[in-house]
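Peer 1: Residue numbers (the numbering used here), protein chains in the order written: chain U, 1 to 299; chain Y, 1 to 397; chain C, 1 to 214; chain P, 1 to 180.
For the record, the hints were derived by calculation from the structure and aren't laboratory data. The structure displayed is predicted, hence computed values, not measured ones. Fair warning: there could be bad hints in the mix.
[Unchecked claim] No farther apart than 35 Å at their CA atoms in a straight line, the calculated lysine-lysine pairs in the DSBU-like style are these: (1) 256(Y) / 206(Y); (2) 204(Y) / 30(U); (3) 181(C) / 217(U); (4) 279(U) / 233(Y); (5) 233(Y) / 256(Y); (6) 323(Y) / 31(P); (7) 323(Y) / 147(P); (8) 46(P) / 75(P); (9) 47(C) / 30(U).
Chain by chain, the residues:
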Amino acid sequence: MIDWKLVLEAIGMVIYATFVGFIFMGIERKAMARIQRRVGPPIYQPIIDVLKLLGKREAISHGFIYDFGPIFALGVSITALLFIPIANFHLFSSNADLIVVAYLLEVPMLGIMLGAMSTGNPYSAVGVQRGLLTMVAMQLPYGLAIIALAQHYGTFSLNSIVALQGIHGWSLFVPALFLAFIVFDITFQAMLGLEPFDIITAPAEVSMGPMVEYGGKHAALLFTQHAVQLFAETAFFTVLFLGGAGNLGVFFLKQLAVLFLAIFIASIFPRFTIDQAAKFFWKWPTILGIIAVLLTMGW
Amino acid sequence: MVMVSNLEVPRELRKEALKHDMYLKPISEDTYELFFGPQHMATENFSIILKMDGSRVEKAIANPGFLHRGFEKLAEQRPYFTNIALLLRICVPESDVPENIYSMAVDELVGWEVPERAIWIRTVVLEMARLASWMFWIMGFANEIGLYTAGSWAAAYRERFMRLFEELTGGRVYHIYTVPGGVRRDIPGDRWLRQLGDTVEYIKSKLKDFDEILFDNYITFARTEGVGVMDRKFALDHAVTGPNLRAVGVPYDVRKDDPYYLYPELDFEVPILNEGDSLARVLVRRYEMEQDLYILEQLLEMGPPGGPYMVQDKRLKSLPRFKVPAGSAWAHVESTKGDFGAYVVSDGTHKPYRVHIRGPSQSHGITVLEELLRGARLADVPVILKTLDNCPPDIDR
Amino acid sequence: MDEMKIDENGNGRVMEQENERTEGYDRLSYPLKEFKVFEPLFRWARKKSIWIITFCTGCGGIEMPPLMNARYDLERFGMMPNPSPRMADLFLITGYVTPKTLKRIIITYEMMEDPKYIMSHGSCPINGGVYWDSYNVVKQLDRYIPIDVSIAGCMPRVEAVMDGIMEIMRKVERGEADGWKRYRDNYEWYRRNQDELFGKGWRKETARRWLKWL
Amino acid sequence: MEEGNREEVAEVALNDVVDAVIERAPYAQGKVIRERRVEFSIPAEKLRDFLRVMKESGFEMLMQITVVDWLKEGKFELVYQMWSVTHSTHAFVRLEVQRDDARLPTVMDIFPVAETYEREAHEFFGIDFEGNPRLGPFILEPREYEKHPFRKDFSTLSYVKEIYGEDFDRYDESKTNYVI
Numbered sequence: 001m002i003d004w005k006l007v008l009e010a011i012g013m014v015i016y017a018t019f020v021g022f023i024f025m026g027i028e029r030k031a032m033a034r035i036q037r038r039v040g041p042p043i044y045q046p047i048i049d050v051l052k053l054l055g056k057r058e059a060i061s062h063g064f065i066y067d068f069g070p071i072f073a074l075g076v077s078i079t080a081l082l083f084i085p086i087a088n089f090h091l092f093s094s095n096a097d098l099i100v101v102a103y104l105l106e107v108p109m110l111g112i113m114l115g116a117m118s119t120g121n122p123y124s125a126v127g128v129q130r131g132l133l134t135m136v137a138m139q140l141p142y143g144l145a146i147i148a149l150a151q152h153y154g155t156f157s158l159n160s161i162v163a164l165q166g167i168h169g170w171s172l173f174v175p176a177l178f179l180a181f182i183v184f185d186i187t188f189q190a191m192l193g194l195e196p197f198d199i200i201t202a203p204a205e206v207s208m209g210p211m212v213e214y215g216g217k218h219a220a221l222l223f224t225q226h227a228v229q230l231f232a233e234t235a236f237f238t239v240l241f242l243g244g245a246g247n248l249g250v251f252f253l254k255q256l257a258v259l260f261l262a263i264f265i266a267s268i269f270p271r272f273t274i275d276q277a278a279k280f281f282w283k284w285p286t287i288l289g290i291i292a293v294l295l296t297m298g299w
Numbered sequence: 001m002v003m004v005s006n007l008e009v010p011r012e013l014r015k016e017a018l019k020h021d022m023y024l025k026p027i028s029e030d031t032y033e034l035f036f037g038p039q040h041m042a043t044e045n046f047s048i049i050l051k052m053d054g055s056r057v058e059k060a061i062a063n064p065g066f067l068h069r070g071f072e073k074l075a076e077q078r079p080y081f082t083n084i085a086l087l088l089r090i091c092v093p094e095s096d097v098p099e100n101i102y103s104m105a106v107d108e109l110v111g112w113e114v115p116e117r118a119i120w121i122r123t124v125v126l127e128m129a130r131l132a133s134w135m136f137w138i139m140g141f142a143n144e145i146g147l148y149t150a151g152s153w154a155a156a157y158r159e160r161f162m163r164l165f166e167e168l169t170g171g172r173v174y175h176i177y178t179v180p181g182g183v184r185r186d187i188p189g190d191r192w193l194r195q196l197g198d199t200v201e202y203i204k205s206k207l208k209d210f211d212e213i214l215f216d217n218y219i220t221f222a223r224t225e226g227v228g229v230m231d232r233k234f235a236l237d238h239a240v241t242g243p244n245l246r247a248v249g250v251p252y253d254v255r256k257d258d259p260y261y262l263y264p265e266l267d268f269e270v271p272i273l274n275e276g277d278s279l280a281r282v283l284v285r286r287y288e289m290e291q292d293l294y295i296l297e298q299l300l301e302m303g304p305p306g307g308p309y310m311v312q313d314k315r316l317k318s319l320p321r322f323k324v325p326a327g328s329a330w331a332h333v334e335s336t337k338g339d340f341g342a343y344v345v346s347d348g349t350h351k352p353y354r355v356h357i358r359g360p361s362q363s364h365g366i367t368v369l370e371e372l373l374r375g376a377r378l379a380d381v382p383v384i385l386k387t388l389d390n391c392p393p394d395i396d397r
Numbered sequence: 001m002d003e004m005k006i007d008e009n010g011n012g013r014v015m016e017q018e019n020e021r022t023e024g025y026d027r028l029s030y031p032l033k034e035f036k037v038f039e040p041l042f043r044w045a046r047k048k049s050i051w052i053i054t055f056c057t058g059c060g061g062i063e064m065p066p067l068m069n070a071r072y073d074l075e076r077f078g079m080m081p082n083p084s085p086r087m088a089d090l091f092l093i094t095g096y097v098t099p100k101t102l103k104r105i106i107i108t109y110e111m112m113e114d115p116k117y118i119m120s121h122g123s124c125p126i127n128g129g130v131y132w133d134s135y136n137v138v139k140q141l142d143r144y145i146p147i148d149v150s151i152a153g154c155m156p157r158v159e160a161v162m163d164g165i166m167e168i169m170r171k172v173e174r175g176e177a178d179g180w181k182r183y184r185d186n187y188e189w190y191r192r193n194q195d196e197l198f199g200k201g202w203r204k205e206t207a208r209r210w211l212k213w214l
Numbered sequence: 001m002e003e004g005n006r007e008e009v010a011e012v013a014l015n016d017v018v019d020a021v022i023e024r025a026p027y028a029q030g031k032v033i034r035e036r037r038v039e040f041s042i043p044a045e046k047l048r049d050f051l052r053v054m055k056e057s058g059f060e061m062l063m064q065i066t067v068v069d070w071l072k073e074g075k076f077e078l079v080y081q082m083w084s085v086t087h088s089t090h091a092f093v094r095l096e097v098q099r100d101d102a103r104l105p106t107v108m109d110i111f112p113v114a115e116t117y118e119r120e121a122h123e124f125f126g127i128d129f130e131g132n133p134r135l136g137p138f139i140l141e142p143r144e145y146e147k148h149p150f151r152k153d154f155s156t157l158s159y160v161k162e163i164y165g166e167d168f169d170r171y172d173e174s175k176t177n178y179v180i
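Extracted from the complex, chain U is given alone in its bound form:
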């Protein structure tokens, strides 16, 4: 049987997430502009951008994989989104969705990489190498942070984590998990592709990296994917550390707080090179993550 309510909720959630994701992108650009003492674009600017990109003539294709990459990325992002319990919408929640979401959020990068690799542009190739290395580098602290969480709450279910935080207070305020929070926030910066880890698209080095050959509708797809991804990642962060929320309004505010944290960090740090980033990830966040895991074991 088809659960029509679930289907409707899922569609509604995807539309809501896309819209809010675009607004988040706009807020990101606006806030960055304000920090840089500029006026900045209107908050709905990313929607206009996507509209314009959709209206462009596109005559270039590098083959099937090139077309498939962005679609794959968007699909995975949406799937990840649907597993996250957002406010009172628990769509695909299951017993081990922590692991599922944690890794589904990593996969869209692979989709973009797939498409970028098929373009043959050397800048894309360098960008892909950088992207893959960043992924490998951030896996370790990212995994440790999630292990610490799962260890502390004794469950892999996001729903139960939210419920337990409702009872015992946000995991941000648990000393051991605070370390995990720091670790997660550092990797979060890399997941969003913001400084100091915007190594993949570094415009002054590899001129947009994997995106360099994408234009028109492909780029519009990638923008949409980025919006959904941004929403999903902030939601995941909120669920894990800020205790989720009872309704969409509070949830939105918490997501916004997470986003602003990322924006502030991004606007005061330059960019690492890729080998420095890898070394950094395998040093401080990993050590902190191990301490967090050990602490959660002891508690």
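With chain U held as given, fit chains Y, C and P onto it using these hints.
Peer 2: Just chains Y, C and P now, kept in the frame of chain U:
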């Protein structure tokens, strides 16, 4: 039917292209060619062909020439005073430097004693140009390493100098202000001097912000330390000048070693570091900003001397026919990029026989860059470019 | 002509023209499908989101960073520098153009996707400016690529550039910024002028090195 | 008073520098032009030897190679401009070569930076620097490179008319003394 040919791979040709390895090639190969610029954010109108091995540069070939306009040829066809409007376009970020070196050389050829007031104004203009150029450099460097905040702030601070220049000279970027024999206009008034003083104070207070966000940043250190290292012998052999030379421990500053204008009377230091890497180059520039602010403060304290702002000479009545005695002269000043010099040869007519401008990037931008890039990571390429402060119009002219 | 054919097919699918072989190079055309209903919306979006390709071709490049950064912030009009030619809309020719640069400009311009606009900045692209007798400066840029808006002056103030950008926004909204259409329609003429300047076969000889698939 | 003294001392020191150079290279003629400027003229075939002497006597940096095309005399005058950090002095090393078939040995191995200057001089004046492997189109496109545009017998106006067409009418050839 008329049709367009865009640079896409036509579907019919795709198979053929695959067959001939015309694309899809660079990824599978160990070494590949990367065309870095001119359509690139890091190189403004300058191209480097990088032979890459993974993400390391195996060999770099600088490819200048996108800005060549044949200034030196054009200058031979224009009268002495008209050339000012032409030659200042050689160095875009600090256009006062070419004006000044050319004017100094012509002054020397004619034998003019430039009036004191003009000397004071020229010194102030040069120092202002230096500060504006530093701000521009911060902008470029910060944007290259991804710190857009500092870059944007620096752009806003540069606008203050642009406004002062506009009031003094009438131009924002190209001033056409310093001419042989003096300057073209007098100082607008005391209000302008007060504004300049305020601006110096303001920039001085804002330098702390840059220290916190850019010059004392952990990641800036990580990005620049040990990148593009020169030693003393290499730098001297390759005629590296300016802050880049002072970063390897050679205290050569034209303002001290071949003093011109008011610099012998001013009190300032020449900052030196010995490491010779990108970080040393960055920090030397940081210290020089401080010194420039200090120099401007001293100049303002001194105040403009009275008297005319232009040499009193009957020959100036008919500028196009103004003749310069035969001979040759070399004049150079310290720009933010290094030693900027002009060699003017006159054969006694009203047009120069030969004008040769030495831009500092002529040595920084080709041989030094190629040597420093060898073995660097791709991410270091913009850092090296910017810390050498490579200015393509100098090379091409 | 192009629109007519699509209307006859009526599928809204992008059509592929037959690959003609004339003068030894291969050409291909996908006409831009204009959706009648959504066209005003797209035009509004195009006007509000003009991405500039980061290719500073002359001394005007010095005024680009102030334009983009604090004080004269272009991002409030939705403009943004973009390093990738595939995504960019506006080509800002900032100053004089030498033949060596013009080759790159043409290649980059052709890599951009329609609709695309060109704004020239300063006197030099109009008639050579101060370099009117220079052997290495292209005198009349309009002969080689289509220009939508020209700003005179050397160097034009930032406000003048912003006025030019407003003009191009108005033109985009009214659908008059049709340089790309002119380039398509008069391709033979532009091509002939380019070949006259660079010599025949310059694409094969030099440009193939930059873009292997050319 | 004091300043005048110092200048005199500097001039004496400069004379010593010039004398020391000439002692090692007797074929050269040298003189002090003014404070911090000295001048040497040498025969073209002694160029490499002399530059080596200069480098050893404290002129570490080769700032520029200026070529002046004296069309009437049929000669290129080359000015190797050097800066000495130790003496704080600028030196002009002048030499002359025949205009047709201008050849000189390269000084790349003495001053590596000379590579760029020589490429430039070759490109704009057509002087052959024997031993420099990178001579060729550098800044210019091959078509302009072949003309060596900075030579005095290259007319940029007629070239512009030839390349950019008839509608280029800002220059009136009937006027003899054209002031721009």
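Peer 1: Each of the hints needs a verdict: does it hold here or not?
Peer 2: Here is how each hint holds up against the structure:
no. : hint            : in the structure
1   : 256(Y) / 206(Y) : holds (27 Å)
2   : 204(Y) / 30(U)  : holds (29 Å)
3   : 181(C) / 217(U) : holds (20 Å)
4   : 279(U) / 233(Y) : holds (34 Å)
5   : 233(Y) / 256(Y) : holds (21 Å)
6   : 323(Y) / 31(P)  : holds (27 Å)
7   : 323(Y) / 147(P) : holds (30 Å)
8   : 46(P) / 75(P)   : holds (17 Å)
9   : 47(C) / 30(U)   : holds (19 Å)
Taken one by one, the earlier hints all hold for this structure without exception.
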